[in-house]
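In case you want the letters, here they are:
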Amino acid sequence: MASPTAAMAPTLERFADNVWLRFGLRRLGRLLVSVWVLLTAAFLMIHLIPGDPVRAALGIAAPPELVAARREALGLNDPLWLQYVHYLRDLFTGDLGVSTITGLPVAQVIGDRLPATVELALGGFGLAVAIAVPLGLGMAVLTRGGRRRQAELAFTSSSVLLAAVPEFLVAVGLVYVFSVALGWAPVAGRSSPDSYILPIVALAVGPAAALARIVRVETLSVLQADFIRTARAKRLPDRLVYARHALPNALTATITIGGLLLSGLVAGTVLVENVFAWPGLGSTIVQSILAKDYPVVQAVVLVYGLGVLVVNLAVDVTLALLDPRSTIRES
Amino acid sequence: MRSRWGSVLRTPVGVSAAALLAAVLLLAVLAPLVWSAEADAIDTGSILRGSSAEHWMGTDNLGRDIFARVMVATRLSVVLALVATSIGVLAGLVLGTAPLVLGARAGRIVTAAVNIAVAFPGLLLALFFAVIFGVGATGALLAIGFAIAPGFARLTQTLVARVAGLDFVAAARLAGVGRARLIVRHILPNIGEPLMVNATIAAGNTLLAFAGLSFLGLGVQPPAYDWGRLLGDGLGGIYIHPAAALAPGVAVVVAGLAFNLFGEAMAKGIGRQTAAVPVRRWRRPAATPVQRVPGPDAVLAVEGLRVSFPGPVTPVRGVGFTVRRGEAVGIVGESGSGKTLTALAIARLIEEPGEVSADRLEFLGKDLRTGSGPALRRLLGTSLAMVFQDPTTSFNPTRRMGRQLAEVAEVHQGLGRRPALARAVDRLRAVRIPAAERRARQFPHEFSGGMRQRAMIGMGLMGTPALIVADEPTTALDVTVQKQVLRLLERIRADDSVAILLISHDIAVVREVCDRVLVMYAGRIVEELPAADMHRLARHPYTRALLAAVPDMTTDRDRPLAAIPGRPADPTRLPVGCAFAPRCPLADEQCVREDPPLVADVLGHRVACWHADLVVGEPR
Chain P
1 MASPTAAMAP TLERFADNVW LRFGLRRLGR LLVSVWVLLT AAFLMIHLIP GDPVRAALGI
61 AAPPELVAAR REALGLNDPL WLQYVHYLRD LFTGDLGVST ITGLPVAQVI GDRLPATVEL
121 ALGGFGLAVA IAVPLGLGMA VLTRGGRRRQ AELAFTSSSV LLAAVPEFLV AVGLVYVFSV
181 ALGWAPVAGR SSPDSYILPI VALAVGPAAA LARIVRVETL SVLQADFIRT ARAKRLPDRL
241 VYARHALPNA LTATITIGGL LLSGLVAGTV LVENVFAWPG LGSTIVQSIL AKDYPVVQAV
301 VLVYGLGVLV VNLAVDVTLA LLDPRSTIRE S
Chain D
332 MRSRWGSVLR TPVGVSAAAL LAAVLLLAVL APLVWSAEAD AIDTGSILRG SSAEHWMGTD
392 NLGRDIFARV MVATRLSVVL ALVATSIGVL AGLVLGTAPL VLGARAGRIV TAAVNIAVAF
452 PGLLLALFFA VIFGVGATGA LLAIGFAIAP GFARLTQTLV ARVAGLDFVA AARLAGVGRA
512 RLIVRHILPN IGEPLMVNAT IAAGNTLLAF AGLSFLGLGV QPPAYDWGRL LGDGLGGIYI
572 HPAAALAPGV AVVVAGLAFN LFGEAMAKGI GRQTAAVPVR RWRRPAATPV QRVPGPDAVL
632 AVEGLRVSFP GPVTPVRGVG FTVRRGEAVG IVGESGSGKT LTALAIARLI EEPGEVSADR
692 LEFLGKDLRT GSGPALRRLL GTSLAMVFQD PTTSFNPTRR MGRQLAEVAE VHQGLGRRPA
752 LARAVDRLRA VRIPAAERRA RQFPHEFSGG MRQRAMIGMG LMGTPALIVA DEPTTALDVT
812 VQKQVLRLLE RIRADDSVAI LLISHDIAVV REVCDRVLVM YAGRIVEELP AADMHRLARH
872 PYTRALLAAV PDMTTDRDRP LAAIPGRPAD PTRLPVGCAF APRCPLADEQ CVREDPPLVA
932 DVLGHRVACW HADLVVGEPR
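Heads up: the sequence lines are chains P and D, in that order.
In case it helps, my numbering puts the first sequence at residues 1 to 331.
In case it helps, my numbering puts the second sequence at residues 332 to 951.
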């Protein structure tokens with residue numbers, strides 16, 4: 001019988017050699033640095049505001065005693081490093097402060113508003129992918145090798161157009177057509193299931209058009225690859241050649257670029273929510289900036305920033321799963 | 332440079348984008364002069380009116396004309412967008428060239444910061460900066476400017492990295508040119524063009540972003556107004572008065588697109604432009620009498636095979652040969668001689684716009700020119716194996732090796748997932764891949780080059796091949812591995828009497844493996860001869876030159892290696908006569924005037940040369 005240590009050694013070695021483990025550690029390190037930068041930026045944001053943010057929030061007419069008391073309450077008279085330490089400590093205990101306007105705990109405001117925004121973002125993301133992948137793949141197959149020039153021109157020009165129109169203008173257009181002119185959908189608010197349709201569509205149209213273009217271009221270049229020729233030499237049916245061999249390889253490149261679009265979609269919720277009076281974080285942050293309610297602004301910026309970082313992480317992990325080579329690549 | 336800008340204006344998209352952009356800029360200058368009075372005229376008598384003769388887009392809640400206000404808002408919207416873009420480009424340039432100015436260590440910190448900032452969407456950065464700089468036009472300008480800066484910093488870094496590696500920059504550096512001067516005099520002029528293109532596109536996006544901030548109420552504050560502000564004000568009344576929201580929306584889209592499209596057209600004009608390739612229909616060849624009847628043991632019979640591409644170019648011009656059961660036939664020739672296209676055409680792997688025609692193309696007695704039904708697909712899938720040149724790129728990098736082999740059996744032999752995988756493992760073992768079971772679970776990048784090529788052959792053995800078409804199977808491998816692969820092919824051929832069509836530019840490889848050799852030049856077979864006695868039998872000057880170019884043990888190492896003078900024939904400009912004539916020492920007037928036919932002697936040795944009888948004996 002082999003001794004347990006001898007059996008352990010190769011296991012440990014394999015463990016250390018595991019590309020997945022190394023990938024995970026490296027990616028985790030990058031995430032932690034990004035989160036730290038984000039936390040620090042959100043902290044400094046308040047301190048970079050020219051003048052006295054408390055004075056600005058309370059207005060010029062506020063009595064100096066009130067301003068001083070509020071400054072003391074917010075800890076703004078402490079040295080900067082101490083404020084930073086307190087800020088980090090509060091964050092880790094889940095204490096995000098209190099809204100200077102409503103007096104509600106910020107954590108509660110976020111808790112109330114976040115789900116509506118997440119619904120919107122996930123819905124928009126899902127719809128964009130559901131449209132873009134089949135559309136881009138189909139157009140690539142139809143227009144490969146310079147076939148169907150007209151179809152290609154129609155697709156590229158309309159997708160450029162749709163991708164260039166910002167989501168809030170799409171939203172206004174949709175409201176006009178479907179709510180005002182046709183009366184099919186509610187104009188604003190979050191109530192019945194059909195109130196979800198327009199905001200989600202408004203959010204998805206631009207990214208879907210841009211993504212479909214990317215999927216098409218990537219698929220076209222993958223269709224030139226040697227391994228597609230191999231798949232055809234194996235006489236696989238076309239659907240297998242496209243779905244099994246072309247698509248996964250086209251998606252790896254698509255996801256890299258598409259990840260940027262998707263984090264843009266997270267930010268796009270801000271504008272769309274304001275068009276549809278959607279009770280989410282996007283309308284909250286705008287109202288809070290206008291009202292100079294800095295604790296709320298800070299928290300919402302943090303939540304949005306974390307959202308973007310999570311999307312980026314998800315993109316990298318998906319990439320690694322789809323294309324095992326990307327775990328070795330240095331980022 | 333000028334011609335490139337000219338080429339931007341010659342495309343239809345370029346012209347319309349330029350015209351649109353010019354109109355927007357002109358409007359930005361003139362509109363406030365023309366419509367200002369009307370735009371500010373408060374008329375409490377006609378509040379929130381719809382379209383009328385006097386106000387054809389209606390009026391707002393103070394009775395002001397909406398059309399005039401949208402027109403006047405052009406100037407502020409465009410100016411703000413351009414200023415914000417300039418801020419962003421300048422900040423991006425400073426950040427992007429910082430690594431050059433500050434040196435490696437400080438530069439790395441700047442780069443890391445830029446990398447983190449780039450991950451966040453512009454709007455989020457803009458909101459972040461809007462908090463710091465405060466609500467209002469100035470705050471929004473700075474916010475948007477700084478929000479697009481990381482993107483430009485990244486772009487500048489990439490461009491600088493590309494330019495900084497060039498010789499003239501290295502030379503300037505050696506000559507002691509200072510860092511600042513290096514950037515201003517040597518680097519910036521060379522990255523200016525792509526920066527301009529991206530700045531133009533960014534201006535369009537900035538315009539849209541500014542409209543967004545103003546729409547949210549964070550940008551331009553009343554009484555000033557830009558399109559975003561008008562849109563935000565109009566949205567509340569969209570039920571009663573849609574024009575007030577739609578008109579500024581349309582203006583934003585049109586102006587944003589003008590910048591975007593112009594930028595794209597510039598990018599396209601500067602970069603290379605893909606010419607439209609006309610697509611032609613598959614042409615059925617006219618029936619011509621077939622000269623030679625292949626024997627009953629023929630695996631492959633080809634007659635009059637032509638491959639052409641739009642241009643028109645015809646890289647394969649009437650190739651004909653047969654391959655018998657268990658026979659190894661080689662095709663040699665320089666690159667561009669049409670060998671690979673011949674192989675792909677035989678395997679029916681030429682895709683549109685390429686076009687294949689043949690007088691005869693039969694594989695195991697089945698006509699490959701017609702039909703593409705499932706029966707033919709199965710026949711080719713199981714009986715015709717392909718081995719390609721580069722085993723690194725010929726496997727799907729995202730699928731496990733075993734599965735890539737197994738799918739052949741799943742599709743053509745109807746095996747289940749498990750039995751198909753077992754067969755794949757068995758085939759990997761058959762091509763001598765050690766630990767086949769474990770290897771089957773690995774991805775292609777975990778295999779060595781030689782192993783990949785053997786696995787490729789193993790993939791061909793999933794069925795029961797009658798013919799293996801190997802296109803330069805050893806070119807990408809190192810010499811010791813080449814031998815292994817060739818020996819493997821030979822063993823398969825001997826064990827199962829599988830025919831092999833080996834395509835190579837290396838006449839030595841072909842001579843080692845094959846029974847017969849076809850020599851191709853400029854898309855035609857110029858000679859067909861037995862491999863064993865090539866040196867003695869070769870009669871075409873091209874074949875002899877190829878043989879002379881191969882060094883062997885008797886080659887005098889002090890003399891330079893023999894090479895064929897001249898260049899390979901250009902398939903787009905083939906001469907009327909013999910394509911080899913310009914490089915041929917024996918060429919005379921007849922060779923230039925008339926293309927020699929491929930003529931067979933009694934032994935089946937074929938040669939296409941007017942002077943085939945002049946050259947007998949050992950090549951020089």
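It should be emphasised that the hints constitute simulated quantities derived from the structure, not laboratory data.
Quick reminder that beta carbons are idealized off the backbone N, C-alpha and C, glycines included.
Please note that a few of the clues may not be correct.
[What the hints assert, rightly or not] FRET-style restraints, in silico, Cβ to Cβ:
(1) D:H776 - P:L240: 41 to 51 Å
(2) P:G94 - D:V365: 30 to 40 Å
(3) D:E683 - P:A181: 42 to 52 Å
(4) P:G146 - D:L695: 30 to 40 Å
| Indices of hints not satisfied (ascending) | The structure conflicts with hints 1 and 2, although it agrees with all the remaining ones.
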